[in-house]
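Protein chains: 2
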Amino acid sequence: MNFELTGTDPASRARAGVLTTGHGVINTPIFMPVGTVGSVKALTQEQLRQDVQAQIILGNTYHLYLRPGLEVLSAAGGLHKFNGWERPILTDSGGYQVFSLAANRKIKEEGVVFQSHIDGSRHLFTPESVMDIQRTIGADIIMAFDECPPYPSTYAYARKSMELTHRWLDRCIQRLAETSPAYGHEQTLFPIVQGSTFKDLRTISATEIAARECAGNAIGGLSVGEPEQDMYEMCELVCDILPKDKPRYLMGVGTPWNILENIALGVDMFDCVMPTRNGRNGMLFTWNGVINIRNKKWATDFSPIDAQSSCFASRNYSRAYLRHLFVAGEYLSLTLASMHNLRFYLELVAEARQQILAGTFAAWKASMIPQLKTRL
Amino acid sequence: MNFELTGTDPASRARAGVLTTGHGVINTPIFMPVGTVGSVKALTQEQLRQDVQAQIILGNTYHLYLRPGLEVLSAAGGLHKFNGWERPILTDSGGYQVFSLAANRKIKEEGVVFQSHIDGSRHLFTPESVMDIQRTIGADIIMAFDECPPYPSTYAYARKSMELTHRWLDRCIQRLAETSPAYGHEQTLFPIVQGSTFKDLRTISATEIAARECAGNAIGGLSVGEPEQDMYEMCELVCDILPKDKPRYLMGVGTPWNILENIALGVDMFDCVMPTRNGRNGMLFTWNGVINIRNKKWATDFSPIDAQSSCFASRNYSRAYLRHLFVAGEYLSLTLASMHNLRFYLELVAEARQQILAGTFAAWKASMIPQLKTRL
Numbered sequence: 001m002n003f004e005l006t007g008t009d010p011a012s013r014a015r016a017g018v019l020t021t022g023h024g025v026i027n028t029p030i031f032m033p034v035g036t037v038g039s040v041k042a043l044t045q046e047q048l049r050q051d052v053q054a055q056i057i058l059g060n061t062y063h064l065y066l067r068p069g070l071e072v073l074s075a076a077g078g079l080h081k082f083n084g085w086e087r088p089i090l091t092d093s094g095g096y097q098v099f100s101l102a103a104n105r106k107i108k109e110e111g112v113v114f115q116s117h118i119d120g121s122r123h124l125f126t127p128e129s130v131m132d133i134q135r136t137i138g139a140d141i142i143m144a145f146d147e148c149p150p151y152p153s154t155y156a157y158a159r160k161s162m163e164l165t166h167r168w169l170d171r172c173i174q175r176l177a178e179t180s181p182a183y184g185h186e187q188t189l190f191p192i193v194q195g196s197t198f199k200d201l202r203t204i205s206a207t208e209i210a211a212r213e214c215a216g217n218a219i220g221g222l223s224v225g226e227p228e229q230d231m232y233e234m235c236e237l238v239c240d241i242l243p244k245d246k247p248r249y250l251m252g253v254g255t256p257w258n259i260l261e262n263i264a265l266g267v268d269m270f271d272c273v274m275p276t277r278n279g280r281n282g283m284l285f286t287w288n289g290v291i292n293i294r295n296k297k298w299a300t301d302f303s304p305i306d307a308q309s310s311c312f313a314s315r316n317y318s319r320a321y322l323r324h325l326f327v328a329g330e331y332l333s334l335t336l337a338s339m340h341n342l343r344f345y346l347e348l349v350a351e352a353r354q355q356i357l358a359g360t361f362a363a364w365k366a367s368m369i370p371q372l373k374t375r376l
Numbered sequence: 001m002n003f004e005l006t007g008t009d010p011a012s013r014a015r016a017g018v019l020t021t022g023h024g025v026i027n028t029p030i031f032m033p034v035g036t037v038g039s040v041k042a043l044t045q046e047q048l049r050q051d052v053q054a055q056i057i058l059g060n061t062y063h064l065y066l067r068p069g070l071e072v073l074s075a076a077g078g079l080h081k082f083n084g085w086e087r088p089i090l091t092d093s094g095g096y097q098v099f100s101l102a103a104n105r106k107i108k109e110e111g112v113v114f115q116s117h118i119d120g121s122r123h124l125f126t127p128e129s130v131m132d133i134q135r136t137i138g139a140d141i142i143m144a145f146d147e148c149p150p151y152p153s154t155y156a157y158a159r160k161s162m163e164l165t166h167r168w169l170d171r172c173i174q175r176l177a178e179t180s181p182a183y184g185h186e187q188t189l190f191p192i193v194q195g196s197t198f199k200d201l202r203t204i205s206a207t208e209i210a211a212r213e214c215a216g217n218a219i220g221g222l223s224v225g226e227p228e229q230d231m232y233e234m235c236e237l238v239c240d241i242l243p244k245d246k247p248r249y250l251m252g253v254g255t256p257w258n259i260l261e262n263i264a265l266g267v268d269m270f271d272c273v274m275p276t277r278n279g280r281n282g283m284l285f286t287w288n289g290v291i292n293i294r295n296k297k298w299a300t301d302f303s304p305i306d307a308q309s310s311c312f313a314s315r316n317y318s319r320a321y322l323r324h325l326f327v328a329g330e331y332l333s334l335t336l337a338s339m340h341n342l343r344f345y346l347e348l349v350a351e352a353r354q355q356i357l358a359g360t361f362a363a364w365k366a367s368m369i370p371q372l373k374t375r376l
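Chains A and B supply the protein sequences, listed in that same order.
Going by full-length UniProt numbering, the first sequence opens with residue 1, and the numbers climb by one from there.
Going by full-length UniProt numbering, the second sequence opens with residue 1, and the numbers climb by one from there.
Everything labelled a hint here was simulated from the structure, so no lab data went into it.
Be careful, since some hints might not be right.
Claimed, not checked - Here's a subset of chain A near chain B, in silico, CB distances under 10 Å, partners left out:
hint : residue
1    : T36
2    : V40
3    : L43
4    : E46
5    : H63
6    : R67
7    : P68
8    : A76
9    : S309
10   : A313
11   : R323
12   : Y331
13   : L334
14   : S338
15   : M339
As the list claims (entries may be wrong) - List time: in silico BS3-like cross-link candidates among lysine-lysine, alpha-carbon distance up to 25 Å:
hint : chain 1 : residue 1 : chain 2 : residue 2
16   : A       : K297      : B       : K81
17   : B       : K296      : A       : K41
18   : B       : K41       : A       : K296
19   : A       : K81       : B       : K297
20   : B       : K296      : A       : K81
21   : A       : K41       : B       : K41
Glycine is no exception: its CB is placed at the ideal position from the N, C-alpha and C atoms.
Build the full structure now, drawing on both the sequences and the hints.
In structure tokens, the structure reads:
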């Protein structure tokens with residue numbers, strides 16, 4: 001994997017870059033649609049390529065390990081071949097899902113014993129097994145196995161959890177050094193900074209993570225319920241410690257304005273279920289603000305969902321039609337809303353990139369944020 | 001509307017034709033995907049055009065009248081403009097839905113009083129109001145308001161019901177003569193033959209319907225629970241009475257083999273929810289038989305859904321991936337299965353047409369039916 005910085009904003013810490021993987025190039029800052037079990041919900045891979053214009057998507061180790069399982073993924077030749085997505089894939093390590101979804105989880109030094117949320121079956125995830133699973137999935141970017149402490153956590157818990165995450169990281173690095181990519185293409189590890197909302201823990205964690213000199217780094221444990229201001233503060237502190245010449249990935253963030261604020265702090269990569277999940281509930285993000293498409297006021301509004309958007313959904317369907325689909329409970333509503341929101345997120349980061357390269361990002365961001373937050 | 005017969009099969013009553021409407025040409029025999037409330041479930045209109053290659057879709061008067069309602073459809077300039085489908089549309093009259101879905105329906109000479117299945121609100125459908133609604137929807141082909149008697153019905157009930165349908169038909173014809181198309185393009189009425197499974201009633205009804213000299217004719221009240229053999233017998237009897245130079249539409253039919261058998265009897269047009277509804281339950285129709293895609297046996301079958309199909313779903317996705325999507329409950333499963341089944345139905349009628357034009361339909365049908373019925 002190679003990362004090249006191609007521009008920085010003079011009035012913020014925002015950066016534009018190019019990330020090159022075995023499955024192609026990603027222009028940063030980038031938003032990565034979430035394809036939990038190997039499908040970005042309600043969209044075909046063709047719609048993702050052509051309409052959303054996604055450059056990289058996420059898969060989830062916990063979900064893919066349970067379904068379809070490693071036997072199927074291995075027989076398929078990895079997730080790229082299984083789901084037909086030929087561009088880069090990043091897999092989340094499953095740490096977050098083990099703690100948020102699985103039943104009866106028990107954290108030990110060795111790893112985590114948990115029960116599947118699907119059938120109650122018992123499983124053990126260790127740093128080593130999670131690396132092996134991600135080898136088998138075949139993601140281009142693979143995440144270290146970490147513990148994501150809940151918010152709020154006590155200082156003592158957050159510290160203990162962070163230290164465990166660091167020890168697990170070294171086992172992840174060791175395991176990857178002993179094994180090879182499963183399908184020929186390079187697989188690059190991103191370690192994860194933890195430390196909850198405690199500044200000194202975040203400082204320790206970012207310093208420890210930076211010292212591993214991995215090809216890219218991630219910030220975890222944010223956007224888990226803490227005030228937005230805390231998220232920005234932690235992100236700023238961590239970005240200032242993580243190496244400048246490596247991509248920085250802020251996990252699970254967020255709203256369009258969260259994304260712009262964190263780009264300004266030096267983040268290069270984002271993922272979040274918000275555009276798809278909120279889209280499926282009728283919440284649409286546009287260049288002029290947020291729409292609740294179920295609202296009666298759109299019933300005879302035959303204008304595009306977002307006149308400024310290049311999205312297939314906006315070029316072909318009206319607010320009135322999409323509202324009708326939501327009110328009538330039609331599946332097409334899920335497809336069009338997911339497509340629209342994801343395309344908007346991709347347009348947003350692409351425009352942010354242009355503004356960074358033009359040296360105008362900070363002023364543009366300041367003018368955009370109130371507009372994006374407007375309730376239409 | 002114009003209908004031209006371009007070929008007939010020497011060994012059956014099968015016909016190939018070209019139906020020309022204000023929104024373009026339809027090659028018959030044809031299958032029409034069902035888009036109940038203005039959306040063929042789980043598919044974009046682009047997927048319907050490019051991947052399914054649908055030539056005409058259905059809308060439903062009962063559903064569209066309730067949601068989005070006439071005010072919205074009228075403001076949009078009709079259903080074509082509202083949903084962005086520029087090819088022909090046929091609207092079912094709502095008769096069938098009033099009898100199958102609505103609560104507390106009461107049939108009178110004037111029409112039917114019923115309560116909405118959505119909110120319990122009370123409505124009156126008359127032959128006149130249903131013609132007016134279909135004018136407002138703007139379908140190219142509009143169906144007469146009929147009563148579809150349940151199966152089984154007594155002879156007395158079926159006769160009374162049929163006579164009411166005939167009287168209602170004359171009121172439909174009268175109303176259309178007094179009104180104009182709402183959006184400039186031609187709207188053509190198809191009357192509906194009823195008579196349950198009673199030969200003499202079907203004979204009377206087909207004779208009455210034929211006497212109206214409408215531009216096309218439909219056969220209703222079949223595929224409602226009667227044995228397949230009864231359906232074929234009634235269809236054959238009715239087709240022999242209906243004029244040869246007008247298209248014949250058999251409503252709500254059916255399986256792939258039902259379609260081939262009824263083409264052999266002289267039917268030109270079909271619609272059915274089976275490819276979409278059964279598809280959403282994981283039942284896939286292929287050139288080699290029927291697949292239950294949820295079956296464990298497909299878990300590592302990385303071959304196309306149907307190697308013989310030109311469908312986007314078969315060209316891009318494997319049985320193993322589609323099975324995974326179904327097992328994991330992913331929305332994409334609904335899209336791919338619906339697309340696949342509809343494309344298969346369209347390929348089936350297109351191939352039937354080629355066989356008719358080549359004079360080889362009857363032999364081809366005989367060899368195909370056991371193959372189509374095979375459980376894979």
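Should the hint that A313 of chain A touches chain B count as held when the rule is a Cβ pair under 10 Å?
-> holds, 9 Å
Straight-line alpha-carbon gap K41 of chain B to K296 of chain A, limit 25 Å | Answer holds: K41 of chain B to K296 of chain A is near 23 Å, not above 25 Å.
For the pair supplied as a hint, K81 of chain A and K297 of chain B, is the alpha-carbon distance within the 25 Å limit?
-> holds, 19 Å
Proposed proximity, K81 of chain A with K296 of chain B (alpha carbon, max 25 Å) = Satisfied, since the Cα-Cα distance of roughly 20 Å is no more than 25 Å.
Once the shortest beta carbon distance from A76 of chain A to chain B is found, is it less than 10 Å?
-> holds, 6 Å
Chain B contact restraint on V40 of chain A - CB to CB distance below 10 Å | holds, 8 Å
Restraint check, 10 Å cut-off on beta carbons, for S309 of chain A near chain B | violated, 16 Å
Interface hint for L334 of chain A, Cβ within 10 Å of any Cβ on chain B | Since chain B brings a Cβ to about 6 Å from L334 of chain A, closer than 10 Å, the hint holds.
Restraint outcome when P68 of chain A is required to lie within 10 Å of chain B by C-beta distance | holds, 4 Å
Would the pair K296 of chain B and K41 of chain A pass a check requiring their Cα atoms to be no farther apart than 25 Å?
-> Given that 25 Å is the threshold and the Cα spacing comes to 23 Å, the pair holds.
Does Y331 of chain A pass the interface check with chain B, least Cβ-Cβ distance below 10 Å?
-> This hint holds: Y331 of chain A lies near chain B, its Cβ roughly 4 Å from the closest one there, short of 10 Å.
Interface restraint verdict for R67 of chain A against chain B (beta-carbon cut-off 10 Å) | holds, 5 Å
Of the numbered hints stated above, the single one contradicted by the structure is hint 9.
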